[in-house]
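> What follows is each chain in one-letter form.
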Amino acid sequence: MKRRNFVQLTGLGAGALMLPVSMMGNDIAAEALLEPGLDLFTKKSLADVALNTARSLGASYADARIGRYLNQYVFTREDKVQNVVNTESFGVGVRVIANGTWGFASTNDVTDAGIKKATQQAVAIAKANSKIQTDPVVLAPVEAHGEVSWKTPLKKDFREVPVSEKVELLLDANAAAMNAGANFVNSALFMVNEQKYFASTDGSYIDQDIHRIWPTFGVTAIDREAGKFKSRQALSAPMGMGYEYMDGLESEKLMSPAGFNLYRNSYDIIEDATTAAKQAKEMLTAESVQPGKYDLVLEPNHLGLTIHESVGHPLELDRVLGYEANYAGTSFATLDKWKSGDFKYGSDIVNIVADKTQPHSLGAVGYDDEGVKTKKWDLIRNGILVNYEAIRDQVSILDQNESHGCCYAQSWNDVQFQRMPNISLEAGKEPYSVEEMIKDVEKGIYIAGRGSYSIDQQRYNFQFGGTVFYEIKEGKIVGMLNDVAYQSNTQEFWNSCAKICDEGDYRLFGSFFDGKGQPSQVSAVSHGSSTTRFDGVNVINTGRSV
Amino acid sequence: MAIYTEEEARKILEKAMSFSKADACVINLGGSESGNIRYARNTVSTAGHQSNQSLAVEASFGKKSGTATIDEFDDASLEKVVRRAEELAQLSPENPEFMEPLGPQTYDESVSYSEATANTTPEFRADVAAKSIKPASEKEVTAAGFLDDGAGFSAMLNSNGLFAYNKSTNVDFTVTMRTDDGTGSGWVTRDYNDISKFDAEEASAIAIDKAVMSREARAIEPGRYTVILEPAAAEELLGNMGRAFNARTADEGRSFMSKEGGGTKLGDKIVDERVTIWSDPLHPDVPTSTWSGEGLPRKKTIWVENGVVKNLAYDRYWASQQGVDPVPYPSNMIMQGGDASLDDMIKSTKRGILVTRFWYIRSVDPQTMLFTGLTRDGTFYIENGQIKYPVKNFRFNESPVIMLNNLEELGEQVRVNGNLIPYMKIRDFTFTSLSDAV
Numbered sequence: 000m001k002r003r004n005f006v007q008l009t010g011l012g013a014g015a016l017m018l019p020v021s022m023m024g025n026d027i028a029a030e031a032l033l034e035p036g037l038d039l040f041t042k043k044s045l046a047d048v049a050l051n052t053a054r055s056l057g058a059s060y061a062d063a064r065i066g067r068y069l070n071q072y073v074f075t076r077e078d079k080v081q082n083v084v085n086t087e088s089f090g091v092g093v094r095v096i097a098n099g100t101w102g103f104a105s106t107n108d109v110t111d112a113g114i115k116k117a118t119q120q121a122v123a124i125a126k127a128n129s130k131i132q133t134d135p136v137v138l139a140p141v142e143a144h145g146e147v148s149w150k151t152p153l154k155k156d157f158r159e160v161p162v163s164e165k166v167e168l169l170l171d172a173n174a175a176a177m178n179a180g181a182n183f184v185n186s187a188l189f190m191v192n193e194q195k196y197f198a199s200t201d202g203s204y205i206d207q208d209i210h211r212i213w214p215t216f217g218v219t220a221i222d223r224e225a226g227k228f229k230s231r232q233a234l235s236a237p238m239g240m241g242y243e244y245m246d247g248l249e250s251e252k253l254m255s256p257a258g259f260n261l262y263r264n265s266y267d268i269i270e271d272a273t274t275a276a277k278q279a280k281e282m283l284t285a286e287s288v289q290p291g292k293y294d295l296v297l298e299p300n301h302l303g304l305t306i307h308e309s310v311g312h313p314l315e316l317d318r319v320l321g322y323e324a325n326y327a328g329t330s331f332a333t334l335d336k337w338k339s340g341d342f343k344y345g346s347d348i349v350n351i352v353a354d355k356t357q358p359h360s361l362g363a364v365g366y367d368d369e370g371v372k373t374k375k376w377d378l379i380r381n382g383i384l385v386n387y388e389a390i391r392d393q394v395s396i397l398d399q400n401e402s403h404g405c406c407y408a409q410s411w412n413d414v415q416f417q418r419m420p421n422i423s424l425e426a427g428k429e430p431y432s433v434e435e436m437i438k439d440v441e442k443g444i445y446i447a448g449r450g451s452y453s454i455d456q457q458r459y460n461f462q463f464g465g466t467v468f469y470e471i472k473e474g475k476i477v478g479m480l481n482d483v484a485y486q487s488n489t490q491e492f493w494n495s496c497a498k499i500c501d502e503g504d505y506r507l508f509g510s511f512f513d514g515k516g517q518p519s520q521v522s523a524v525s526h527g528s529s530t531t532r533f534d535g536v537n538v539i540n541t542g543r544s545v
Numbered sequence: 000m001a002i003y004t005e006e007e008a009r010k011i012l013e014k015a016m017s018f019s020k021a022d023a024c025v026i027n028l029g030g031s032e033s034g035n036i037r038y039a040r041n042t043v044s045t046a047g048h049q050s051n052q053s054l055a056v057e058a059s060f061g062k063k064s065g066t067a068t069i070d071e072f073d074d075a076s077l078e079k080v081v082r083r084a085e086e087l088a089q090l091s092p093e094n095p096e097f098m099e100p101l102g103p104q105t106y107d108e109s110v111s112y113s114e115a116t117a118n119t120t121p122e123f124r125a126d127v128a129a130k131s132i133k134p135a136s137e138k139e140v141t142a143a144g145f146l147d148d149g150a151g152f153s154a155m156l157n158s159n160g161l162f163a164y165n166k167s168t169n170v171d172f173t174v175t176m177r178t179d180d181g182t183g184s185g186w187v188t189r190d191y192n193d194i195s196k197f198d199a200e201e202a203s204a205i206a207i208d209k210a211v212m213s214r215e216a217r218a219i220e221p222g223r224y225t226v227i228l229e230p231a232a233a234e235e236l237l238g239n240m241g242r243a244f245n246a247r248t249a250d251e252g253r254s255f256m257s258k259e260g261g262g263t264k265l266g267d268k269i270v271d272e273r274v275t276i277w278s279d280p281l282h283p284d285v286p287t288s289t290w291s292g293e294g295l296p297r298k299k300t301i302w303v304e305n306g307v308v309k310n311l312a313y314d315r316y317w318a319s320q321q322g323v324d325p326v327p328y329p330s331n332m333i334m335q336g337g338d339a340s341l342d343d344m345i346k347s348t349k350r351g352i353l354v355t356r357f358w359y360i361r362s363v364d365p366q367t368m369l370f371t372g373l374t375r376d377g378t379f380y381i382e383n384g385q386i387k388y389p390v391k392n393f394r395f396n397e398s399p400v401i402m403l404n405n406l407e408e409l410g411e412q413v414r415v416n417g418n419l420i421p422y423m424k425i426r427d428f429t430f431t432s433l434s435d436a437v
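Chains A and B, in that order, are what the protein sequence lines are. Residue 545 is where the first sequence ends in numbering that gives the first Met the number 0, and the numbering goes up by one at each step. Residue 437 is where the second sequence ends in numbering that gives the first Met the number 0, and the numbering goes up by one at each step.
No lab work stands behind these hints, which were simulated from the structure alone. Do not rely on the hints blindly, as some may be mistaken.
Where chain B lies over chain A, by a calculated footprint (3+ residues, C-beta under 8 angstroms) [as the list claims (entries may be wrong)]: (1) 69 to 83; (2) 189 to 200; (3) 219 to 227; (4) 248 to 260; (5) 319 to 331; (6) 443 to 455; (7) 480 to 494.
Cross-link-like lysine-lysine pairs, in silico, DSS-like; alpha carbons within 25 angstroms at most [unchecked claim]: (8) A/Lys126 x B/Lys63; (9) A/Lys79 x B/Lys63; (10) A/Lys79 x B/Lys130.
If you anchor each label on the Cβ, the simulated ranges turn out as follows [claimed, not checked]: (11) B/Lys299 x A/Ser55: 54 to 62 angstroms; (12) B/Asp180 x A/Ser395: 23 to 31 angstroms; (13) B/Lys196 x A/Ala112: 53 to 61 angstroms; (14) B/Met98 x A/Asp222: 28 to 36 angstroms; (15) A/Asn540 x B/Met98: 53 to 61 angstroms; (16) B/Gly102 x A/Pro35: 43 to 51 angstroms; (17) A/Pro35 x B/Lys196: 48 to 56 angstroms; (18) B/Asp208 x A/Ser519: 56 to 64 angstroms; (19) B/Asp70 x A/Asp111: 16 to 24 angstroms; (20) B/Gly102 x A/Ala112: 41 to 49 angstroms.
Glycine included, C-beta positions come from ideal geometry on N, C-alpha and C.
Based on the sequences and whatever the hints tell you, model everything.
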């Protein structure tokens with residue numbers, strides 16, 4: 000059920016770190032995260048109960064997902080631990096097609112009897128809903144994979160790292176920020192392990208072990224005399240990696256043109272917290288932006304969210320078709336535009352790919368939640384819209400016969416549906432560094448990190464802020480700016496894309512808790528890019544006096 | 000059956016407490032039964048039913064606490080979960096903000112439960128979908144909607160003898176109606192504790208009318224306009240003000256409520272004197288639980304009176320640090336309305352915009368409470384006291400504080416999302432760009 004906005008509870012998110020925290024499952028001890036789940040033989044025989052029951056009741060298709068979802072979250076502020084949460088959620092979801100209609104039911108009674116009952120419910124729901132179904136489900140064919148498995152490649156399993164080590168790292172980062180002049184710091188570490196077993200009547204038994212991690216913080220500096228405060232969020236990215244992301248390897252650092260470090264596949268939280276405190280203090284007196292047209296130089300950890308909102312969401316086929324009309328909205332990228340074969344989404348250098356196999360990404364899995372082997376495909380090629388994001392029951396609408404493999408459910412308890420795959424802007428093909436890009440800008444703004452973001456329900460008009468802003472004048476960064484936001488229209492914006500740095504600058508941005516659907520489900524997704532220039536974008540000044 | 004009576008809940012909680020060996024123990028028990036139906040493209044897309052129950056034990060030794068939860072309530076499970084919480088507490092770092100559990104409290108009896116809502120059937124939900132879809136398809140309109148109803152209870156017992164119990168029901172309905180040619184869109188929202196107050200046909204008809212009326216919207220220049228905000232639009236913006244009423248961030252100097260030179264805006268006039276906002280768990284139109292998560296009794300509390308900030312919310316820890324009584328966070332928001340009807344408001348407007356709702360509101364600057372977002376699903380131009388034509392959607396950049404200083408007129412209160420918010424007319428509302436979205 001929805002809850003009231005006005006009701007702001009105390010605790011975890013208080014202060015600078017406002018996070019949409021999703022908590023699922025029962026609280027357990029950290030050590031229990033390492034307990035093995037069911038063995039493969041048991042999972043297969045349990046899944047077969049669902050498949051056989053569904054067949055015997057007349058279902059033309061069935062899949063079962065036995066899921067064990069483990070989360071560990073650590074929250075601190077300044078020199079205090081606020082909370083350490085370990086949760087486990089275990090159960091099975093059964094989805095069937097009967098009379099050409101989907102049915103779904105789930106249970107935490109993972110026994111033969113429990114699964115049989117859930118399957119009977121799923122078939123009953125499918126048959127009941129088939130009476131008002133007007134378009135029977137058409138499933139794209141899928142290869143039978145037999146018994147296969149996939150694991151997130153990782154060097155350090157977060158479950159094996161003591162909680163005390165994680166707490167110490169966050170408190171060290173907080174102390175570094177306080178020593179560098181911060182007044183407040185909230186920090187958090189989110190770690191997720193999905194142990195998913197998928198079986199379907201199409202002949203696949205897939206065991207997957209998926210890991211994700213997100214360290215983040217908010218550092219606040221205040222000027223009590225002026226009654227002012229400024230916050231600077233972490234420049235980390237949530238990643239599909241193990242705890243090795245926290246190693247802070249020098250080899251994975253990149254120097255920004257404004258003289259502070261950015262991070263690729265390894266994050267130095269202590270260094271970033273120190274930089275954050277200095278930048279938050281600097282923001283208190285930074286110059287307020289003059290509104291007008293600027294060339295924007297957008298850093299990957301900023302541009303990722305722009306890609307997410309202005310390309311990722313509008314190309315979800317269920318949105319295009321109207322299934323999300325009452326919540327997230329529909330899309331400007333309608334089928335007729337795609338069919339025309341010449342819809343100019345962006346300038347000629349804009350090549351945007353969807354990729355569920357990208358290493359270190361949040362969306363990387365071997366197989367999606369309906370047993371389709373994952374892959375990479377083009378969405379925009381040389382600026383032209385060429386494809387959408389679609390799953391088994393949608394691709395026939397595009398006259399395609401292969402699912403794109405981007406079906407996902409947030410837990411065993413929720414039905415799987417189409418979710419955004421990793422979507423990334425390809426790096427520039429010619430060697431071109433960020434320094435060279437800055438030199439080529441007469442009047443511009445360099446923006447790093449995510450900020451405030453808002454976009455309309457068909458994904459035309461958007462307004463984005465950022466974490467830090469620097470003014471560029473005649474090829475040089477001249478100082479920090481405040482109160483910057485840019486407003487544009489998706490097609491106009493991507494057609495103003497003038498230059499893209501080479502792959503030496505390529506990095507991933509991530510969204511850990513992306514929401515969609517009613518009831519809402521979260522998913523995690525990455526977006527890669529190199530620093531990119533967009534010419535003549537409208538910048539507004541967001542400063543107000545109240 | 001996951002909705003336990005007060006006595007059933009007390010029995011389970013007392014049994015669990017009997018296993019406690021910790022210095023302090025707080026046990027929460029909750030359960031809910033909920034059902035939903037979702038439709039789009041004029042057909043049902045998904046339907047579901049969920050039943051949940053959970054018992055959470057927070058055990059403390061000194062300032063070290065641990066929490067464990069379980070969804071089975073036999074004696075062995077209850078003992079196991081208490082032991083696990085105690086083990087976790089021993090392993091936890093000290094929490095310097097730990098507060099001893101509260102002693103027994105007296106609560107008002109809540110009126111937030113309706114038997115009719117608790118008895119909602121799948122057939123009723125299907126009928127709601129049909130009552131939306133049929134009139135839509137007759138007018139070449141496509142319906143996409145969601146109905147979510149539920150009944151739940153929560154109960155708490157602590158080692159200092161505090162016991163609290165509440166049960167409540169809720170139904171939330173929204174529907175978006177889009178003309179088949181994609182040029183018009185309308186929307187409506189309804190929510191109640193008591194589902195018998197809900198009329199799916201009446202609600203759907205409003206959204207259908209707005210969809211048809213909003214076809215072929217014209218573009219007008221963005222800028223500052225007088226706006227009439229329907230309660231759903233105003234609620235979305237005002238709801239975002241809630242965070243500013245946190246005393247701790249205000250005292251810490253990192254909130255809109257922090258004052259130049261230190262201190263807070265408590266006692267300051269921040270908006271027009273006609274603005275009065277309070278919360279009341281017993282209000283018959285928007286009833287809620289009468290106790291907070293910390294076990295504090297919830298009473299009618301004035302937050303803004305005649306434009307002046309009257310209260311900030313203090314949790315128990317921060318209240319103890321500041322030497323004041325705790326003030327629990329509100330569970331609803333009620334804003335004083337006025338006499339003007341929507342028709343009166345339109346008639347008295349020379350040039351303005353009628354806004355059905357806002358969408359994708361995000362904080363731009365917490366210092367000034369500046370928010371951005373867009374109008375959606377029915378935006379109309381008013382001239383010389385009449386609705387003239389639909390207009391394209393706008394993006395706004397506006398602060399609810401500036402907005403409530405630019406108040407022109409207040410109208411009838413309407414329940415939205417558990418809050419009671421009036422129609423309001425505001426001058427000089429800042430629209431910064433146009434959107435092509437329908």
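> Confirm or reject each hint.
Checked hints:
Counting residues of the region 69 to 83 of chain A whose beta-carbon sits less than 8 angstroms from any beta-carbon of chain B gives 4, enough to reach three: the coverage restraint holds. Residues of the region 189 to 200 of chain A with a Cβ under 8 angstroms from some Cβ of chain B number 0, which does not satisfy the need for three, so the listed coverage is violated. Residues of the region 219 to 227 of chain A with a Cβ under 8 angstroms from some Cβ of chain B number 7, which satisfies the need for three, so the listed coverage holds. Given as covered by chain B, the region 248 to 260 of chain A fails the check, having 0 residues with a CB less than 8 angstroms from a CB of that chain where 3 are the minimum.
Remark: the region 319 to 331 of chain A is confirmed as covered by chain B, as 10 of its residues place a Cβ nearer than 8 angstroms to a Cβ of that chain, reaching the required three. Under a criterion of three residues with beta carbons nearer than 8 angstroms to beta carbons of chain B, the stated coverage of the region 443 to 455 of chain A is upheld, 5 such residues being counted. Counting residues of the region 480 to 494 of chain A whose CB lies closer than 8 angstroms to any CB of chain B gives 4, which reaches the minimum of 3, so the coverage claim holds. In summary, the hint linking A/Lys126 to B/Lys63 is not supported, as the alpha carbons are separated by about 53 angstroms, beyond the 25 angstroms threshold.
For the hint linking A/Lys79 to B/Lys63, the alpha-carbon distance of about 12 angstroms falls within 25 angstroms, and the restraint holds. The straight-line distance between the Cα atoms of A/Lys79 and B/Lys130 is roughly 54 angstroms, outside the 25 angstroms bound, and the hint therefore fails. Between B/Lys299 and A/Ser55, the C-beta spacing of about 59 angstroms keeps the proposed range 54 to 62 angstroms intact. Look at B/Asp180 against A/Ser395: about 25 angstroms separates their beta carbons, and that is inside 23 to 31 angstroms.
Distance hint check for B/Lys196 and A/Ala112: the Cβ-Cβ separation is about 41 angstroms, which falls outside the suggested range of 53 to 61 angstroms. Under the hint 28 to 36 angstroms, the C-beta atoms of B/Met98 and A/Asp222, about 32 angstroms apart, fit the expected range. As the Cβ distance of A/Asn540 to B/Met98 is approximately 44 angstroms, the hint placing it in 53 to 61 angstroms is violated. Our hint of 43 to 51 angstroms for B/Gly102 and A/Pro35 holds, since their Cβ atoms are close to 45 angstroms apart.
Checking the proposed 48 to 56 angstroms range against A/Pro35 and B/Lys196 shows it holds: the Cβ atoms sit about 52 angstroms from each other. Evaluation of the 56 to 64 angstroms hint for B/Asp208 and A/Ser519 yields a failure: the beta carbon distance comes to about 28 angstroms. For the pair B/Asp70 and A/Asp111, the supplied restraint of 16 to 24 angstroms holds, since their beta-carbon distance comes to about 20 angstroms. Take B/Gly102 and A/Ala112: their Cβ atoms lie about 46 angstroms apart, and the range 41 to 49 angstroms holds.
Of the numbered hints given earlier, the model fails hints 2, 4, 8, 10, 13, 15, 18; all others are met.
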